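Colleague: Listed in order, the protein sequences are those of chains W and Z.
When we follow this note's numbering, the leftmost residue of the first sequence carries the number 3, and every step to the right adds one.
When we follow this note's numbering, the leftmost residue of the second sequence carries the number 3, and every step to the right adds one.
None of these hints come from the bench; they were simulated from the model.
Just to be clear, a hint being listed does not mean it is correct.
One copy or any two copies: either way a pair holds, since identical chains are not told apart in the list.
[What the hints assert, rightly or not] Each computed BS3-like pair below joins lysine-lysine, with the alpha-carbon atoms no more than 30 angstroms apart:
hint	residue 1	residue 2
1	K45	K13
2	K45	K19
3	K13	K201
4	K434	K125
5	K95	K20
6	K95	K19
7	K20	K45
8	K20	K434
9	K491	K385
10	K19	K256
11	K440	K125
From a predicted model like this one, the values you see are computed outputs, not experimental measurements.
Number of protein chains: 2
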Amino acid sequence: MFTVESPTLHKILSTYKKVWALSYASALLDWDYETYMPRGAAKERGEVEATITAMIQELFLSNDFRRLVHRAEKEDLNDLERGIVRVLLHDLKYYERVPREVIEERERIVNRAKIAWRTAKEKADFKLFASHLQRIVDITRKIAEYLGYENHPYDALLDLYEEGLKKNDVERMFSTIRDPLRRVLREVAQEAPHPLEFKPYCREAMESLNREILDTLGFDWVHMRVDTSAHPFTEGIGLYDVRITTWYHPKDFKRSLFATIHEFGHAVYDVGSDPALWMTPVQGGVSLGVHESQSRFWENVIARTPTFVRAFFDTMTKYLPFLRRYSEEEIYTYFTWVRPQPIRVEADEVTYNFHIMLRFELEVDLLDENVTVNELPLAWNEKMEKYLGIVPKNDAEGVLQDIHWSMGSIGYFPTYSIGNILAAQIASAMEKDLDLQKAIEERRFGEILNWLRAHIHRWGRVYPPRELIRRATGEEMNPEYFVRYIRKKYARV
Amino acid sequence: MFTVESPTLHKILSTYKKVWALSYASALLDWDYETYMPRGAAKERGEVEATITAMIQELFLSNDFRRLVHRAEKEDLNDLERGIVRVLLHDLKYYERVPREVIEERERIVNRAKIAWRTAKEKADFKLFASHLQRIVDITRKIAEYLGYENHPYDALLDLYEEGLKKNDVERMFSTIRDPLRRVLREVAQEAPHPLEFKPYCREAMESLNREILDTLGFDWVHMRVDTSAHPFTEGIGLYDVRITTWYHPKDFKRSLFATIHEFGHAVYDVGSDPALWMTPVQGGVSLGVHESQSRFWENVIARTPTFVRAFFDTMTKYLPFLRRYSEEEIYTYFTWVRPQPIRVEADEVTYNFHIMLRFELEVDLLDENVTVNELPLAWNEKMEKYLGIVPKNDAEGVLQDIHWSMGSIGYFPTYSIGNILAAQIASAMEKDLDLQKAIEERRFGEILNWLRAHIHRWGRVYPPRELIRRATGEEMNPEYFVRYIRKKYARV
Chain W
3 MFTVESPTLH KILSTYKKVW ALSYASALLD WDYETYMPRG AAKERGEVEA TITAMIQELF
63 LSNDFRRLVH RAEKEDLNDL ERGIVRVLLH DLKYYERVPR EVIEERERIV NRAKIAWRTA
123 KEKADFKLFA SHLQRIVDIT RKIAEYLGYE NHPYDALLDL YEEGLKKNDV ERMFSTIRDP
183 LRRVLREVAQ EAPHPLEFKP YCREAMESLN REILDTLGFD WVHMRVDTSA HPFTEGIGLY
243 DVRITTWYHP KDFKRSLFAT IHEFGHAVYD VGSDPALWMT PVQGGVSLGV HESQSRFWEN
303 VIARTPTFVR AFFDTMTKYL PFLRRYSEEE IYTYFTWVRP QPIRVEADEV TYNFHIMLRF
363 ELEVDLLDEN VTVNELPLAW NEKMEKYLGI VPKNDAEGVL QDIHWSMGSI GYFPTYSIGN
423 ILAAQIASAM EKDLDLQKAI EERRFGEILN WLRAHIHRWG RVYPPRELIR RATGEEMNPE
483 YFVRYIRKKY ARV
Chain Z
3 MFTVESPTLH KILSTYKKVW ALSYASALLD WDYETYMPRG AAKERGEVEA TITAMIQELF
63 LSNDFRRLVH RAEKEDLNDL ERGIVRVLLH DLKYYERVPR EVIEERERIV NRAKIAWRTA
123 KEKADFKLFA SHLQRIVDIT RKIAEYLGYE NHPYDALLDL YEEGLKKNDV ERMFSTIRDP
183 LRRVLREVAQ EAPHPLEFKP YCREAMESLN REILDTLGFD WVHMRVDTSA HPFTEGIGLY
243 DVRITTWYHP KDFKRSLFAT IHEFGHAVYD VGSDPALWMT PVQGGVSLGV HESQSRFWEN
303 VIARTPTFVR AFFDTMTKYL PFLRRYSEEE IYTYFTWVRP QPIRVEADEV TYNFHIMLRF
363 ELEVDLLDEN VTVNELPLAW NEKMEKYLGI VPKNDAEGVL QDIHWSMGSI GYFPTYSIGN
423 ILAAQIASAM EKDLDLQKAI EERRFGEILN WLRAHIHRWG RVYPPRELIR RATGEEMNPE
483 YFVRYIRKKY ARV
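Please construct the entire structure, taking both the sequences and the accompanying hints into account.
Modeller: Written out as structure tokens, the structure reads:
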């Protein structure tokens with residue numbers, strides 16, 4: 003079924019192989035940057051990465067290549083071939099519509115902004131970042147105009163991260179979950195942190211625990227590895243080489259545990275494409291939102307459950323003996339502690355999406371000039387108070403906490419909420435075929451993974467996200483599943 | 003002094019930057035392959051490396067680039083510019099003279115030969131490798147013809163690894179050292195291994211010892227790192243990112259110690275180019291022989307001395323407490339134990355070059371058809387007996403021990419002897435400027451490193467190896483220094 007037949011496509015793929023090899027190298031460079039690179043190598047590394055990025059662009063934009071892609075567009079193609087052409091056209095759109103000078107200007111702005119952001123965050127002083135953010139907002143608006151859109155410039159930006167997603171979709175999604183989440187939050191919000199957050203643990207033991215859990219989940223050590231980095235991430239270097247990282251804080255072991263399981267979800271998606279997609283543009287994850295649905299599925303739907311705690315209670319206490327004084331219920335309570343606090347990456351399942359709503363609303367306000375950059379810290383804090391009832395104590399734990407805007411990634415945040423929402427929807431679809439809780443209880447994770455492979459992973463980017471979800475779950479993205487999931491899990495009925 | 007002025011050269015360098023970036027990525031891929039790559043990723047990695055190598059060739063062979071290089075050749079250039087053009091012409095020569103089909107055929111032969119060699123070595127059965135080696139010899143002879151030479155096809159091959167070196171030079175070098183080395187060997191050869199070779203050691207302690215010694219020698223942790231691999235190597239990824247590996251056997255700690263110091267010598271050479279050479283073809287080491295002279299200098303001239311043992315006796319006993327029962331003299335005796343045995347990479351300073359002479363003579367005999375591939379194991383063993391008085395107990399520790407021939411590297415081995423010889427010559431030149439033993443005694447390794455930087459490292463590949471050596475030491479390569487060095491160190495007078 004998965005065969006490229008069109009001679010035009012064969013020609014396309016033979017040029018694309020270079021893009022693929024360069025992207026592979028570039029991914030290894032990224033991974034290495036975050037893990038093992040000697041720290042004095044950063045400047046040189048920047049030159050290498052910029053040169054390789056420019057070479058990828060050049061290959062993409064060569065007249066021969068573009069002509070082939072536009073010719074293939076008009077041919078009678080099978081699903082795989084159509085997927086390849088769709089993805090290439092999507093990637094080409096950016097380079098074809100946005101003038102080269104604008105792309106380069108954006109790069110310069112972003113390079114300076116990232117440095118300014120780091121300093122501003124260290125000093126907890128938004129003023130040091132404000133003018134950079136202004137430039138980023140301006141050029142992003144300009145780029146949205148070049149890209150074109152029907153209703154709102156934000157549509158053009160969303161499409162860069164989540165193919166086909168519109169501002170309206172995001173608004174609909176948030177309006178479905180906002181009030182139900184608020185009600186649950188009001189009901190269960192804790193004021194103090196859970197006592198287990200303060201328990202120090204042995205790092206080596208935690209590493210062994212992570213390893214044993216990954217083993218049991220089905221981590222493929224032949225094609226994957228685990229390292230440590232400042233922030234956990236997954237790097238899909240190739241279809242046969244995917245690497246995750248985790249972190250080890252001196253206490254609060256669930257941060258290491260759930261980061262590891264979260265990245266596991268990303269990693270199995272990255273190695274899961276059908277081998278026929280290897281070295282083509284449709285190898286790998288289809289979008290950021292679907293990717294996040296996989297990590298959230300394993301982290302929240304699978305691991306943040308009483309069944310999982312029960313299934314791994316002996317394993318956990320083996321490596322973390324201090325847990326013996328806690329019951330399974332207490333550990334589950336610790337895993338699902340709901341407490342409004344200012345930092346997104348530390349947020350629980352109930353508060354997390356409010357952090358995203360806030361960012362989404364502010365991004366739209368900035369683009370629409372309803373909020374100026376200078377008003378942003380205040381607007382941030384007001385929304386924080388409105389949604390979570392708390393006020394960040396400074397800009398570092400407020401408006402400056404995320405790196406994304408400094409990288410020019412406006413339109414990116416909603417994909418996190420899409421991930422949360424799709425994870426619940428996918429779980430619901432899966433449960434028609436298998437008893438999820440029973441599978442967890444009996445540690446039959448292979449069955450779960452196989453379901454995800456068959457319905458999501460293997461298809462790579464062959465279908466657009468919307469179609470993939472429809473095929474996998476039988477309907478369009480539907481936030482009601484998430485509302486039900488959160489209510490069932492958190493509401494005290 | 004180091005400035006590129008010619009507009010032609012500027013154009014050349016702007017294209018070359020892509021070659022440079024690809025070579026950087028390719029070096030990281032190599033390093034990763036030997037250190038952290040998941041083992042199931044090898045096949046995919048092969049596709050990436052082959053694609054990137056082909057892209058480098060394509061950039062090199064583009065008509066525009068070649069035209070520029072050949073135009074620059076006729077311009078009035080400064081030393082740096084001349085160096086750049088010389089190196090590019092040298093690299094271009096291979097691609098311009100050897101037809102593409104022949105290069106590709108060689109690649110296919112080598113890929114199969116490497117696998118066959120591995121099996122043959124495992125089974126200690128040369129017959130499994132013979133037909134592959136025959137194909138390698140045949141295509142190598144063909145390539146030598148395409149490359150052209152004045153006197154002997156071997157000249158064309160040597161030049162690939164040691165620019166400008168001729169078979170005559172190698173013969174002269176060996177005829178100078180052969181008899182004196184034999185006399186020394188007859189005098190000092192031991193039959194039994196040194197008892198310290200059997201002492202097991204704590205791996206973690208050995209890692210700390212290596213780290214402390216590297217620290218003291220001047221290892222630049224900001225731009226370098228140390229890892230572990232099956233065979234120690236140095237990867238000069240960039241001018242600001244150089245990585246070494248070492249190994250840890252369960253006993254015989256000097257293998258780890260000297261491997262670490264050896265690779266240190268390679269690494270400081272790789273980061274030592276003048277910053278003006280950055281991203282140009284003359285960045286890095288000028289040739290394999292000069293590179294090996296740097297590693298051998300630190301390993302043998304510096305570290306394999308009574309002074310070094312004295313200077314690090316306390317450090318060594320701190321990490322390896324079993325050494326406390328040995329005197330400094332005994333440790334030095336262990337470090338300089340001379341004992342003929344069949345494996346090149348385990349050879350001492352006195353026997354090492356005989357391993358190379360044997361390989362050199364056999365390579366020439368194969369090319370001249372004085373020895374057939376089938377006769378090779380016998381010829382190997384005869385020479386082994388002639389030079390070292392021993393006979394390998396099977397092909398695995400005889401003719402199959404090295405990977406080089408399976409990789410098609412014929413003409414490579416002599417560079418190891420050049421390294422040994424130049425190390426002694428460089429030491430002698432250095433001693434005109436500083437008291438080497440006193441510097442070692444007082445652990446002032448910075449002075450030694452600075453001398454090497456000023457006279458060798460900073461020049462990168464600006465001058466051809468022969469000229470660099472003349473400039474650094476005041477004369478052509480002269481093996482007499484090595485003879486004197488070995489006599490003084492090993493002969494019982």
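Colleague: As a check of your reading, is K19 near K256 (CA-CA no more than 30 angstroms) within one copy, between copies, both or neither?
Modeller: neither (41 angstroms within a copy, 46 angstroms between copies)
Colleague: Between copies, within a copy, both or neither: which fits K440 and K125 at Cα up to 30 angstroms?
Modeller: neither (50 angstroms within a copy, 50 angstroms between copies)
Colleague: At most 30 angstroms between alpha carbons: which applies to K13 and K201, within, between, both or neither?
Modeller: Answer is neither: 59 angstroms inside a copy and 61 angstroms across each miss the 30 angstroms cutoff.
Colleague: As a check of your reading, is K45 near K13 (CA-CA no more than 30 angstroms) within one copy, between copies, both or neither?
Modeller: between (37 angstroms within a copy, 23 angstroms between copies)
Colleague: Is the C-alpha distance from K95 to K19 at most 30 angstroms within one copy, between copies, in both cases, or in neither?
Modeller: both (20 angstroms within a copy, 27 angstroms between copies)
Colleague: At most 30 angstroms between C-alpha atoms: does K45 with K19 qualify within a copy, between copies, both, or neither?
Modeller: both (28 angstroms within a copy, 15 angstroms between copies)
Colleague: Since the copies are identical, ignore which copy is meant and state whether K20 and K45 lie within 30 angstroms (CA to CA) inside a copy, between copies, both or neither.
Modeller: So K20 and K45 pass the 30 angstroms test inside a copy (25 angstroms) and across (16 angstroms) alike.
Colleague: How do K491 and K385 come out at 30 angstroms by Cα distance, when the copy is not named: within, between, both, or neither?
Modeller: within (26 angstroms within a copy, 78 angstroms between copies)
Colleague: Between K95 and K20, at a C-alpha cutoff of 30 angstroms, which is it: within one copy, between copies, both, or neither?
Modeller: Both: 19 angstroms inside a chain and 25 angstroms across chains, each within 30 angstroms.
Colleague: Since the copies are identical, ignore which copy is meant and state whether K434 and K125 lie within 30 angstroms (CA to CA) inside a copy, between copies, both or neither.
Modeller: Answer is neither; intra-copy 52 angstroms and inter-copy 54 angstroms both fail.
Colleague: Indicate which option fits the pair K20, K434 if close means a Cα-Cα distance not exceeding 30 angstroms: within, between, both or neither.
Modeller: Neither way: K20 and K434 sit 42 angstroms apart in one copy and 53 angstroms across, limit 30 angstroms.
Checked against the numbered hints above, the structure breaks hints 3, 4, 8, 10, 11 and satisfies the rest.
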